[in-house]
Amino acid sequence: MKRLFSSINIRELLRPIGQLAIFSLGSAVILSAIVLLLALIMDKTAVGLGVLARFHVSLFTYTLVNLPQVLIDGLTIGFVYAAIALGYTMVYGVLEFINFAHSEIFAVGAFVGVEILIFLDGLGILSAVPNWAAFLILIGAILAGMLASGLLAVAVERVAYRPLRGASSRLVPLISAIGVSFFLQDAIRMTESLTTGQFNRIFPTFGNFDDRLKFGELPMGANMITLGVSIKSIIVIIAAVLMLVGLNYLVNATKIGKAIRAVAQDRTTANLMGINVNYIISFTFLVGGLLGGAAGVLYALKFTRIDPFVGFFPGLKAFTAAVLGGIGNITGALLGGIVLGMLETFAGSYLGVFTIGAAGTEYKDIFAFGILILVLIFRPQGLMGENVSQKA
Amino acid sequence: MSKRLFAVASLLIVASMLLAACGAPAAATQAPAAADKVIKIATQSPLSGDMSAVGVDIKRGAELALNQLGAPLAGMGFKVELAPFDDQGNPDTGVANAKQIVSDPAILCVVGHYNSGVQIPSSEVYHTSGLANVSPANTNPKVTTRGYPEINRIVGRDDVQGVVGADFAAEKGVKSVFVVHDKTAYGQGIAEFFKKESEAKGMQVLGFEGTEEKANFDALLSPIMAANPDLVYFGGMYGQAAVLFKQARAKGFQGMFMSDDGFDSSDAAKIGGQSLIDGAGTYYSTVSGPATLYPGTAKFITDFKAAYNSDPQPFAAQGYDSMAICLKAIEDAAKANNNAVPTRESVAKAIRALKDFVGITGTFTFNSIGDPTSAKYFVIKVDSADPTAWSKNSIAETLDIAPPQ
Amino acid sequence: MAMLEVTNLHTYYGNIHALKGISLTIEQGEIVTLIGANGAGKTTTLRAICGLVKTQGGTIQLESEDLNPYKAHQIVYKGVSMVPEGRGVFARLSVSENLDLGAYSLPDRKTRDADLEKVFTIFPRLKEREKQIAGTLSGGEQQMLAIGRALMAHPRLLLLDEPSMGLSPILVESIFSTVKDINRQGTTILLVEQNAQMALTIADRAYVLESGIIAMQGKGSELLEDPRVIKAYLGGQ
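Top line first, the protein sequences correspond to chains A, B and C.
For the first sequence, my numbering begins at 1 and goes up steadily by one.
For the second sequence, my numbering begins at 1 and goes up steadily by one.
For the third sequence, my numbering begins at 1 and goes up steadily by one.
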C-alpha cells in the first residue's frame, strides 16, 4: 500500500491544478483590467453618457457590476473548449495531424449520452430519482458517451488514417479526416431520422443540475444584478479539471505516457524500445475520443439541445483554442481554451455597450478571432509553444 | 493490404459526400406514367434536419388534399401526382430543387417552403418559367412585394406580425423590450418590424442584437440581464429562441418572452420546459393558429390523424389549403383549355382569378401581388411545459388584417 | 548454437536490391564487426535483424529461433537491442526518461534501480545529467545515453550502428573501450562502423560488405593486416 502510494507522482497531479488556477486568474485579471480601463477612459464620452441614460449608472459601474458574472461564464465555456481541445492536441502531438473528425466524435458522445438519458426518461426513471442518484446516472451517461466516442475514434484511425500514414503528402490524411467528419455528421443525422425521426435532441431535465447557486446581488441603478452559477456549470468545470489532471498524469507520469511521448518524437526509435507504435497511436485516439465523448455529454448537459451538427462550432473553437495555446501541448490547450472562452464572453458581454449598440454580441467571434490572429502574428507557435518538454 | 484500405477510405469519403448530397432528388427519379395527361404538383419543405417536424407535415397536408380533392381532375382523365422535394431549410438546396422542378414540364404548381429565406431565392427560379407557387407558410413581405404574377401565399405577413406582437406587448403594459434575432431574412425582418412598432408605441428598446449562436447565450445575456427589460423578443426559430429563453430564466430573468411563428413547435416546450411558464410567461405571434382554431379543420385533424397517426403540426392545414388551391386552379385552367393539360401561365392566372375560394383555414381571394385580401393573425400563450400539450396552447388574441399596400 | 545466424539475406528498397544474399554468424560472447563503404548495406543488415527492414528472402535466426514472423517492437523482447545510427535519443525527454524507455520491454520495475546504477557506473556522466533534457546533451553524451538506454533492456545481442560518428578521436576511443567492457560483461555485440581501424581492433571477427554482398571475412586481427582491407578501408598505409 505504501509502495503504491509512493509510486503516485503527487507533483504531476498538483502541477496542472496550479497551472489552471494561474491561467484562470491571470486571464481574468488581465481582461478585467483592460475593460475597466476602457470603461474609465470612455466614461465621459458618448459611450458613458449612453449607459448613463439607459441604466442610470456610470459606464465604470456598469462594467464592474457585470464583471463577476462575465468571468464565471467565460471560465465555464473556456473549460468546455479546453476539454475538447485536449483531443485535438493529443492527436496532433503524436501524429502532427489535425483530426478534423474530432468534432463529430464529440457529437457522437453527446448523442449517446443524451439518447441513454432520454431512454431512461421515457421509462419514467429520471423524474423520480433523488439528487445523488441523478449524479450517478449522469456519470453513467458520461461514461457511456466516453466509451462510444473512444471506440469510434479508434475505429476512425484504423479505417481512415492508418492506411494513409505513409502517404507522401500530409494533406491526404487531412482530407480523409474532413471526409470522415462529413460522413459521421450524416451518419448521425440518418440514424436519428431512421430511429427517432427527430433532429433536435433535448437533454432531459432531472436532478438539480438546473439549480443555480446564488452568491449575492449587486445593485446597479434601480436594478439588481444577481450573481450565480448553475450546478451544471460547476459539474462541467470539475469534470474538465479532472480530465485535464488525469490526462496530464497519464502522459507525464506513467509508462504508457512515456511511450506516447516517445512515439510523438521518433516512431522508429520508439519501435526499437519495444513500443508497439500502432498500439500507442490507437491508444492516443482512444484517450482523445474518451475526452471528446465526455466533453460531448457535458456540453449537452450545459446547453440542453443537440443536433447532428452540434460538433461543428465547438470543434472549431476548440481547435482554435488548441492552436492559440500551442498545438500539441496539453497545458497550451488548457490555456487556449480558457483564454478563448474568456475573450469571447468579454467581447459578447461588453461590445454592445462599448460601441453604443453599433457592434453587439453578434460580433463576439470576429473580435475574439481578431485577437487570436494578433497573438499568432507575434507568437506563431502559440502561447505555450516553446515549452517543448511538455509536448505529448 | 494498404492499397485495399486506401480504397476503403476513399469509398468512405465518397459515401459521405453522397450522404450529404442525398435527400434532395427523392421525387425526380419517379418514372413518368404512361399516360401523357400526367400532372405533377411539387412540394418543397424541409423533410430532414432542424425543421423537419413542420416541413414533413406541410407535405403530408398537401398529400392529404391531393388524395381527398383530386377527384375532379381524375374525372377529366388526368393522373395527378405529388412530387415532394426536401429543401432542408437551406436556400441552396431549395434553389437546386427549384431548377429540377421547372425543368419537369409535368409540374404545374408548387406548394412550398417553410422558410422565407428559402422561398425567396427559389421563387426567382419559378418566376423564370412562370410556374405557380402557393406558399403555405412564408411571411416575409418580399415573398409577394416583388410583384411576381405566379407567387402567392395564403398566410399573413411579418410586417403585420411584428406589429401584432408589439401592439400586444403594449396592451400587456410592457414598458421596455430587448430585441434579438437570428440574422435571417425572416427573423431579422420580423424583429425590425417589432422594434419599429415598439418605438412607435412608446416602449423603450433597450437592445437590438442578432446572433447565430445555438447553445451558449451567456455573453448575450449579460447585457440583457443588465438592461432588465420587461420583455425579451426573439425574431427567428424555436431552436435558438427556446434555448435563449431557458438560459435567461436560469439566470433569473422574470419578465415576459415573446417570439414569432417560428416559435410554433412542440419542440420549443421540450427545450424550454418550465422556464417558458415561469415569470411573466411566453407568447408568440403566428399566422397559423392551432389547427383546432379554424372552422373547417375538425375533419382535417381526424383525417390527418388517421392517415399519419400523429397530430398535425402548425402549417399542415395550410399545406392542405395550398394544395387545394393548386388543384382548383389547374382544374379551372384545364377546363378553359378543352380538358387538355393547361400551360403554367394559365394555372398562375387561374389562381389569381379565384374568388372567395373556401379552404379549411379561411376563404381566399388574392390581391394583385398574391397576398390574401385578409389574413388571420394570432397571439398565443404557452400554457404548459409539456410538449404534448403544445397544440392546446390558448389564444390570447385573434385579428383579421388586410395586407399593407 | 550460434547467437545469431543470418543466412542468404535479401532486401530491397523499392527496386534497389540492397542486400544480395548475406550470410553471417555471431557466436555467444563475441564482438563481430561489419565494415564497408557507404551504401554497402551495413545499416540495412542491422535494420533487417532488428525488424525495421522487411526481408525478402533468407532467414535470420536468434539462437535457432526464426525472427522473421516478429515485428521490430517484438524483437526487443527476444533480447536484441539496437543503438541506431545518429543515436536516436528522444531529444525532448529527460535523460532518465530516455533510460526508462530503454527498459520499456521489461515487465517490472524491480530491476530498474539496479540497472540504472549499472548504466551510471559505465557512464558516470549520465548520472550528472540525469534530469537534463536529452536534446541539450553533447554528441558524446547522447551516444552514451543511446548505448545506456539499449543496455536497460538487458540485451543478449547489442547492435551498434556507427557509434563513433561525429565524435572527437578521444571520445571515439573511450566509447570503443566501453563497448569492449560491455562485451566482457557478457553481451554479444554486432558493430557496424566506418572507422574500420577501431572496429577491427576490438572485434573478434569481422565481415567486409561490398555492394550488398560479403566480400571478405575473418578474424579482426587478420583483416587488419589484409592488404586489400588496408587499401580499401584503412587509408592504404
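Each hint should be verified, as a subset may be incorrect.
Straight line, CA to CA, 30 Å or less: simulated DSSO-like cross-link-like pairs of lysine-lysine [claimed, not checked]: (1) A:255 - C:131; (2) A:255 - C:20; (3) C:231 - C:78.
Label pairs and their in silico Cβ distance ranges [to be verified]: (4) A:131 - B:281: 24 to 32 Å; (5) A:159 - B:296: 50 to 58 Å; (6) C:39 - A:18: 37 to 45 Å; (7) A:132 - B:309: 35 to 43 Å; (8) A:131 - B:204: 20 to 28 Å; (9) A:136 - B:358: 57 to 65 Å; (10) A:49 - B:358: 28 to 36 Å; (11) A:136 - B:309: 22 to 30 Å; (12) A:134 - C:131: 28 to 36 Å; (13) B:309 - A:18: 45 to 53 Å; (14) A:49 - B:386: 41 to 49 Å; (15) A:8 - C:135: 45 to 53 Å; (16) C:39 - A:170: 40 to 48 Å.
Worth flagging that the hints you see were computed from the coordinates, not collected in a lab.
Don't be surprised by glycine CBs; every beta carbon is placed ideally from N, CA and C.
Hint check results:
1. A:255 - C:131: holds, 17 Å
2. A:255 - C:20: Roughly 40 Å between the alpha carbons, so the hint for residue 255 of chain A and residue 20 of chain C is violated.
3. C:231 - C:78: Cα-Cα ~39 Å, so violated.
4. A:131 - B:281: 24 to 32 Å: holds, 28 Å
5. A:159 - B:296: 50 to 58 Å: holds, 56 Å
6. C:39 - A:18: 37 to 45 Å: violated, 53 Å
7. A:132 - B:309: 35 to 43 Å: holds, 40 Å
8. A:131 - B:204: 20 to 28 Å: Because 41 Å falls outside the window, the suggested range is violated.
9. A:136 - B:358: 57 to 65 Å: holds, 59 Å
10. A:49 - B:358: 28 to 36 Å: The hint (28 to 36 Å, Cβ to Cβ) is violated, given that residue 49 of chain A and residue 358 of chain B are roughly 59 Å apart.
11. A:136 - B:309: 22 to 30 Å: violated, 37 Å
12. A:134 - C:131: 28 to 36 Å: With Cβ atoms ~47 Å apart, the hint is violated.
13. B:309 - A:18: 45 to 53 Å: violated, 59 Å
14. A:49 - B:386: 41 to 49 Å: Given about 48 Å between the Cβ atoms, the range holds.
15. A:8 - C:135: 45 to 53 Å: violated, 28 Å
16. C:39 - A:170: 40 to 48 Å: For residue 39 of chain C and residue 170 of chain A the Cβ distance comes to about 29 Å; the hint is violated.
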